[in-house]
Amino acid sequence: MNAPITRRGVLAAGTALAAASLGTPAFAQGSPLRIGVITTLSGPGGYLGADARDALLLAAEMADGRLGGVPVRFVVEDDALRPALGKQIAERLIRNERIRLFTGVIFSNVLGAVAPDVLDGNGVYVSCNAGPSNFAGRECHRNYFVISWQNDNLHESAGALANIMAYRRVFILAPNYQAGRDALAGFRRLFQGTVTNEVYTRLDQTDYAAEMAQIRAARPDAVYHFHPGGLGIAFIRQYAQAGLLGTIPQVLPAPSMSTVTLAAVGDAAEGVNLSAHWNADFDNQPSRRFVAAFRQRYNRVPTIYAQQAFDTALAIGAALRGAGGTVDNTEAFRTAMLRADFQSTRGNFRFGPNQHPIQDWFAVKIERVGGQLTHVTKRRILESHADAHAGQCRI
Amino acid sequence: MALLLEQLLNGVQFGVMLFLLAAGLTLVFGIMGIINLAHGSLYMIGAFAAAWVAAQTGSVLLALLGGLAAAAVVGMAVEYVVLRRLYARDHLDQVLATFGLILFFNQGMTILFGRQPLFVDLPEFLSGAVEVLPGVPYPVYRLLIIAVGLLVAFGLWLLIQKTRIGMLVRAGATHREMVRALGVDIRLLYTLVFGLGALLAGLAGVMAGPVYSVNVGMGEQILILTFVVVVIGGLGSIRGAMYGALLVGIVDTLLRAYAPGLLRVVMDASQADMLGAGLASMGVYLLMALVLLLRPRGLFPAHA
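So the sequence lines, in the order shown, correspond to chains F and B.
Once you know that position 219 of the first sequence is 219 in the working numbering, the rest is easy, because the numbers rise by one and skip nothing.
Once you know that position 267 of the second sequence is 267 in the working numbering, the rest is easy, because the numbers rise by one and skip nothing.
Read the hints as simulated data drawn from the structure, not as lab findings.
Please note that the accuracy of each hint is not assured.
Listed below are the simulated SDA-like cross-link pairs for lysine to any residue, each with C-alpha atoms no more than 25 Å apart in a straight line [what the hints assert, rightly or not]:
1. K87/F / F99/B
2. K162/B / L96/B
3. K87/F / K162/B
Counterexamples of contact, computed for chain F against chain B with all Cβ distances above 10 Å [as the list claims (entries may be wrong)]:
4. V75
5. P116
6. D120
7. C140
8. R181
9. R189
10. G243
11. G271
12. Q296
13. R339
14. K378
15. I395
As the structure is a computational prediction, the values presented were derived from the model and not from experiment.
Idealized CB from N, CA, C, for every residue including glycine.
So here's chain F without its partners, still in its complex pose (with noise of 0.2 Å):
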């Protein structure tokens, strides 16, 4: 039997791939400064960790592999929307690799599972998507950025967009976990009418006909729903196969909507309302610019997930410029982050006392622009908004 040498040569074209995937970037100086990202790269979520790392990339690869003048290297690993090994790679990287500083998770479960391993190491975790409210309350810590926003802002946002657009009954939706409880108590938050359902989607759930015939029994004036990545991608689909579109409105935080739901969801979205931070036709130099680079570097428009990481990439950019280009001393990187000291792509962007974004959110409207749908930003909701969980938090 020739057993053995199938299973090398499946060995060897296995590493192969892996490492053409990877496509780790090469500097001409010695030992850079290595930044873990965790992220999701594989599953109905892969493309949203995707378009992070490659906005990371993109930054780093902007300024000759510096940030803030620091040369640095991502050490870029798939966490598959699975807890546990987020948990494992985390803990591989601090003790084998001696990685002190991480970025990319993008669901709030994984979060929850990698940041703590990585402060108790005396780590830095610079948060670019998710933003769980325990973290934001209670169990904020020194070592702990947010640079997108904490979970609620997206939902109290759409909440408050709901109150703009007159609707008084409204039926509410988002998996159950823990940014979809985030969801629906962000959007209860500041939304004024009443809410007809509530109800719990699973993380892995495909087919939303169950959902679909309680919205159509219930009539609300709106559906407000949470659900990032393929899992709206089949939602949006199956509402608008139910028939649903015409009769009922939608009003949705930025997540069910990226570009790349847009394109794969194609007319079916058509008028429908988004809360958003931030938006490709931002008219500001920064946007300006990581637009149309990261559309020359990869062909496509950068989704919200692309914009956070750059503004991730760029804050920690300032911190390091601010320490003396390491994290061994965290108080200093810390005292030079909450300067954030960086363009924002968003315009308006501090930290507030618990070290998550107060920024302003936006109405944005999906219309045909030359024949094609896009995002297009039409007012602001919020101003300098906050989170209700800052009031919690000792530092």
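Starting from the known structure of chain F, fit chain B onto it as the hints suggest.
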């Protein structure tokens, strides 16, 4: 009442989808004794191939044929190249090898198509809804899924009970050595059975495309429920897979639809919603535990 009917239809439709996957899985296990974790990958390959052909040609028929052919060909190739070496081995080796196949196919699809989900458009004549009863509109496409699934179930029954190949399949499942001693090319039979299982998984993938999202890793999501179906139905039993799939589909759908509402009668709304969602996601596993407690070999064990 209309709502209950609609939810039942949803349950049957979900069940039919699970059946297409479970039938192949249980067939392969019953006849070859192989635990094939990579079955979900064949489902993914069917979905991707159909999406790609549809995007290239715009033809529904070609997309269907492309998806089915891709899944069946890849399935038979996998049987020929990998699984053939594993029949005599331990189940653990099979699990390891087929798990490796999952990683291989996921990475392969990522290289070919990228991580971004693909979009499959429904043809115009399938995209509307019809009133199955006055006041109960139901998407035409989901009705089509139900019809196709039931048709496939009937076809499989005919194939296995009424044809010579079916006879060999049944014989191979119970007395493998005897069939071989009678001069039947059991290797060819295995490849054909595996191809048939792959074809059914591919069909499920093709039909899933326009409803769910076509992305890398879509197979693993549904594979877990498929295993629940196979265990409930009885390993190796097509009939068991049919009843198991319908049972799981209906129980899962009805729990999701009604558990929170029923709990609201006894507790306050937000608690009921949370607990109901938890119950709904545990429901099918509780069902499986219950079935195993009462009938440890499943509802319709193949070698009873």
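To see whether the hints hold, each was checked on the structure:
For the proposed pair K87/F and F99/B, the alpha carbon gap of about 22 Å is at most 25 Å, so the pair holds. With a CA separation close to 36 Å, the supplied pair K162/B and L96/B exceeds the 25 Å bound. The hinted pair formed by K87/F and K162/B fails the criterion: a straight-line CA distance of about 54 Å is larger than 25 Å. With a closest Cβ-Cβ approach of about 19 Å to chain B, V75/F is found to remain outside the 10 Å limit, as its non-interface label requires.
No Cβ of chain B comes within 10 Å of the Cβ of P116/F; the nearest lies about 24 Å off, and the non-interface call holds. Chain B leaves D120/F outside its interface by the beta-carbon criterion, the shortest separation being 30 Å against a cut-off of 10 Å. Consistency note on C140/F: stated as away from chain B, and its beta-carbon is indeed over 10 Å from all of that chain's, at 25 Å minimum. At roughly 8 Å from the closest C-beta of chain B, the C-beta of R181/F falls inside 10 Å, breaking its exclusion from the interface.
Here R189/F stays apart from chain B, with its beta-carbon at least about 14 Å from theirs, past the 10 Å limit. A beta-carbon of chain B comes within 10 Å of the beta-carbon of G243/F; the shortest separation is about 5 Å. At roughly 18 Å from the closest C-beta of chain B, the C-beta of G271/F stays outside 10 Å, upholding its exclusion from the interface. No Cβ of chain B approaches the Cβ of Q296/F within 10 Å, the least distance being about 18 Å, so the stated non-interface status holds.
No beta-carbon of chain B is positioned within 10 Å of the beta-carbon of R339/F; the least distance is around 35 Å. For K378/F, the shortest C-beta to C-beta distance to chain B comes to about 26 Å, beyond the 10 Å cut-off, and the non-interface label holds. Under the 10 Å C-beta cut-off, the non-interface status given to I395/F relative to chain B holds; the minimum distance is some 30 Å.
Consistency with the previously given hints fails for numbers 2, 3, 8, 10, ordered from lowest to highest.
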